[in-house]
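Protein chains: 2
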Amino acid sequence: MITKISNPIFDTITIIGAGLIGSSIARASEASGVAKTIRIYDTNEAVRACAAQIGLGDVSDTIEAACTGADLVVLCTPVGVLGAAAQAAAPFLKEGAILTDVGSVKESALNDMVAVSPAHVHVIAGHPIAGTEHSGPDAGFAKLFSGRWCILTPLEDQSDSYQVSVQKLSRFWEAFGSTVEIMSAKRHDLVLAITSHLPHLIAYNICATAEDMEQVTEGEVVKFSAGGFRDFTRIAASDPTMWRDVFLNNKEAVLETLGRFTEDLAALQRAIRWSDGDQLFDLFTRARSIRKSVIDAGQDTAAPNFGRRSDEDDTPAE
Amino acid sequence: MITKISNPIFDTITIIGAGLIGSSIARASEASGVAKTIRIYDTNEAVRACAAQIGLGDVSDTIEAACTGADLVVLCTPVGVLGAAAQAAAPFLKEGAILTDVGSVKESALNDMVAVSPAHVHVIAGHPIAGTEHSGPDAGFAKLFSGRWCILTPLEDQSDSYQVSVQKLSRFWEAFGSTVEIMSAKRHDLVLAITSHLPHLIAYNICATAEDMEQVTEGEVVKFSAGGFRDFTRIAASDPTMWRDVFLNNKEAVLETLGRFTEDLAALQRAIRWSDGDQLFDLFTRARSIRKSVIDAGQDTAAPNFGRRSDEDDTPAE
Ligand SMILES: NC(=O)c1ccc[n+]([C@@H]2O[C@H](COP(=O)([O-])OP(=O)(O)OC[C@H]3O[C@@H](n4cnc5c(N)ncnc54)[C@H](OP(=O)(O)O)[C@@H]3O)[C@@H](O)[C@H]2O)c1
Ligand SMILES: NC(=O)c1ccc[n+]([C@@H]2O[C@H](COP(=O)([O-])OP(=O)(O)OC[C@H]3O[C@@H](n4cnc5c(N)ncnc54)[C@H](OP(=O)(O)O)[C@@H]3O)[C@@H](O)[C@H]2O)c1
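Chains as they are written, first to last, in the UniProt record's numbering: chain A, 1 to 318; chain B, 1 to 318.
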């Protein structure tokens, strides 16, 4: 839930990159009252025009106008251009301004931002664990972050003023209904490699395999996709630029988890080849227990098919 | 949509195995009026008691009582015991009775049923492409098959009376709101290997990998599962017995598609290792196009996160 707060946390905030996440932050900031002024900027003129048209804060035409005097600058671009975006913003960042991001990889993001920022700026990397498979300014909505985690990966800087900035940034995300978790960038990248990056990689891969099989089966893969495959296609509908950058910037952790996945898959393949029913049964039973943990942790709904209904007037008997 | 038909297609139908699919057929039969009498039987006494308690047709206490005089017998057990279930039913099947099933693998099902059936019975294998991750008699609901495909894989028997039986069985599924597609058992098993069996295998495998990583990351895999992983856990929540039997009985097609998947994954791994951004981008873009085909074919909703809402009062701006 977003509840309007009584005192703004920041005077002026600036969002760089007005896509799904950037536009959602703009809407959530508006709804929660975290800032007096909300500025938004994007290098893409068409995106700026769209942002202005749908009323996402004050749209700036230059990065200078966007960043000058801002108390908080949130970079919402793909991970691969975070360094370039930070460098463009750097000359205009005032003393004590907070520079943060929302990228899905954190060690490279933190390094890229620190490398180009003046010493008087507080760099704190961040990642809201919230999103959809859609992108662009009109895909955003205010409640995207509500009931979700937001991970912050600050520097080891223990100065009082830096700590105050970390607290302010935490309150900012909490105002959107998020729960903030603080961890090291390295740990973030390992955890997300298994919970997000590997699943996306696998989903993309199975879609590529299916696309080749589509020729063998003359259109029947899509036709009968409701058997399980369609759920993978949703994950694989995510933005190719965003995901290319994730894999290029979290190479080490992704290759490590992918290695484990491939080993496990080889064992499963062997069990099928040798008709080892017990091994299959045991592994499937173990896998099922993790589903229970996910539901118990409140991270998903137990309704069948994510509550997808098989018919307009159908209510699955649960 | 299920609409009540005016003339029952069968006098008496018998459902063997009162789990998710069996109980859904019982409810759909009741709702559509496809039969005058609906009998149900399960080897598990507790399941029979539950079926009787929730009012799923006439619950029989023996397979003899269930099958004697029935016009249609639908086997709704796991694939691995279809032969045993057909053998138990065989002595009681009357001349011209239809024996069918709903198993997720068709070549083995057809062979297993034919091997034990008297010549005067019409064996027609079937598979409704509908289901949820839940099992048991209370997981079923009448609309499960509505708007879904049902694949029938008949024998090559071209006798007039056999063809009439195929038509009657088609009308039976159509009365539940399904669209019937007829193909060979071999083709079914190849198409389903990619659209259903491989996705389930991969989902089980990623859950197993994640479970091991859960120790490395001290509980954080479940905590941050909303980043993509949780969608795999749902698929991996399906019944271990059912899926063990699927993999043991569709070994050849599953190993073939798994081989393709593994090759593709090796190429993807290499692209990450060598930072080949263009290759990643191209593959992700290709994968995305298949999502579009799935939506265009009406096989899924375009709402973000399958319409899962991030908050009770949230309506994603689409
Ligand atoms: N989508 C998710 O589910 C999700 C979840 C959590 C975090 N994230 C992270 O959030 C970030 C943004 O993702 P998104 O889904 O919001 O992407 P998006 O919808 O594609 O938006 C990104 C926007 O940034 C603009 N941009 C690109 N380079 C820029 C630059 N140098 N300066 C200013 N603007 C620039 C893009 O313009 P063009 O269109 O012209 O490139 C686009 O409008 C990524 O780092 C991603 O890892 C995404
Ligand atoms: N679930 C899906 O999404 C889905 C979709 C399409 C097709 N199918 C196919 O439908 C079939 C049933 O799946 P389901 O999900 O309905 O499974 P389920 O909920 O586990 O039900 C199977 C029922 O059959 C009973 N049974 C086992 N052996 C039997 C026998 N020899 N004679 C009579 N009853 C017996 C089981 O009793 P116990 O509990 O004691 O074993 C159980 O009650 C499987 O072949 C599956 O491949 C499933």
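Please keep in mind that the hints were generated in silico from the structure rather than gathered at the bench.
Hints are supplied without guarantee of correctness; some may be wrong.
Cross-link-like lysine to any residue pairs, in silico, SDA-like; alpha carbons within 25 Å at most [as the list claims (entries may be wrong)]: (1) Lys223/B / Glu218/A; (2) Lys94/B / Glu133/B; (3) Lys292/A / Glu211/B; (4) Lys168/B / Val116/B; (5) Lys186/B / Thr217/A; (6) Lys292/A / Lys251/B; (7) Lys186/B / Ala271/A; (8) Lys186/B / Gly219/A; (9) Lys223/A / Ala302/B; (10) Lys223/B / Thr301/A; (11) Lys223/A / Glu133/B; (12) Lys186/B / Trp274/A; (13) Lys251/B / Gly69/A; (14) Lys292/A / Asp138/B; (15) Lys186/B / Asp212/A; (16) Lys251/B / Gln279/A; (17) Lys186/A / Thr217/B; (18) Lys251/B / Gly83/A; (19) Lys292/B / Asp239/A; (20) Lys292/B / His134/A; (21) Lys223/A / Arg187/B; (22) Lys251/B / Cys50/A; (23) Lys251/A / Lys36/A; (24) Lys186/B / Arg270/A; (25) Lys251/A / Ala271/A; (26) Lys251/A / Gly136/B; (27) Lys223/A / Lys251/B; (28) Lys186/A / Trp274/B; (29) Lys292/B / Asp282/B; (30) Lys292/A / Gly136/B; (31) Lys223/B / Asp58/A; (32) Lys251/B / Thr301/A.
These numbers were taken from a predicted model, which means no experiment stands behind them.
A quick look at each hint next to the structure:
no.	hint	in the structure
1	Lys223/B / Glu218/A	violated, 41 Å
2	Lys94/B / Glu133/B	violated, 35 Å
3	Lys292/A / Glu211/B	holds, 12 Å
4	Lys168/B / Val116/B	holds, 23 Å
5	Lys186/B / Thr217/A	holds, 12 Å
6	Lys292/A / Lys251/B	violated, 29 Å
7	Lys186/B / Ala271/A	holds, 22 Å
8	Lys186/B / Gly219/A	holds, 16 Å
9	Lys223/A / Ala302/B	holds, 16 Å
10	Lys223/B / Thr301/A	holds, 14 Å
11	Lys223/A / Glu133/B	holds, 20 Å
12	Lys186/B / Trp274/A	holds, 21 Å
13	Lys251/B / Gly69/A	violated, 65 Å
14	Lys292/A / Asp138/B	holds, 19 Å
15	Lys186/B / Asp212/A	holds, 19 Å
16	Lys251/B / Gln279/A	holds, 15 Å
17	Lys186/A / Thr217/B	holds, 12 Å
18	Lys251/B / Gly83/A	violated, 49 Å
19	Lys292/B / Asp239/A	holds, 13 Å
20	Lys292/B / His134/A	holds, 12 Å
21	Lys223/A / Arg187/B	holds, 14 Å
22	Lys251/B / Cys50/A	violated, 52 Å
23	Lys251/A / Lys36/A	violated, 40 Å
24	Lys186/B / Arg270/A	holds, 23 Å
25	Lys251/A / Ala271/A	violated, 30 Å
26	Lys251/A / Gly136/B	violated, 43 Å
27	Lys223/A / Lys251/B	holds, 23 Å
28	Lys186/A / Trp274/B	holds, 21 Å
29	Lys292/B / Asp282/B	holds, 16 Å
30	Lys292/A / Gly136/B	holds, 17 Å
31	Lys223/B / Asp58/A	violated, 36 Å
32	Lys251/B / Thr301/A	violated, 33 Å
Of the hints listed earlier, those the structure fails to meet are numbers 1, 2, 6, 13, 18, 22, 23, 25, 26, 31 and 32, in rising order.
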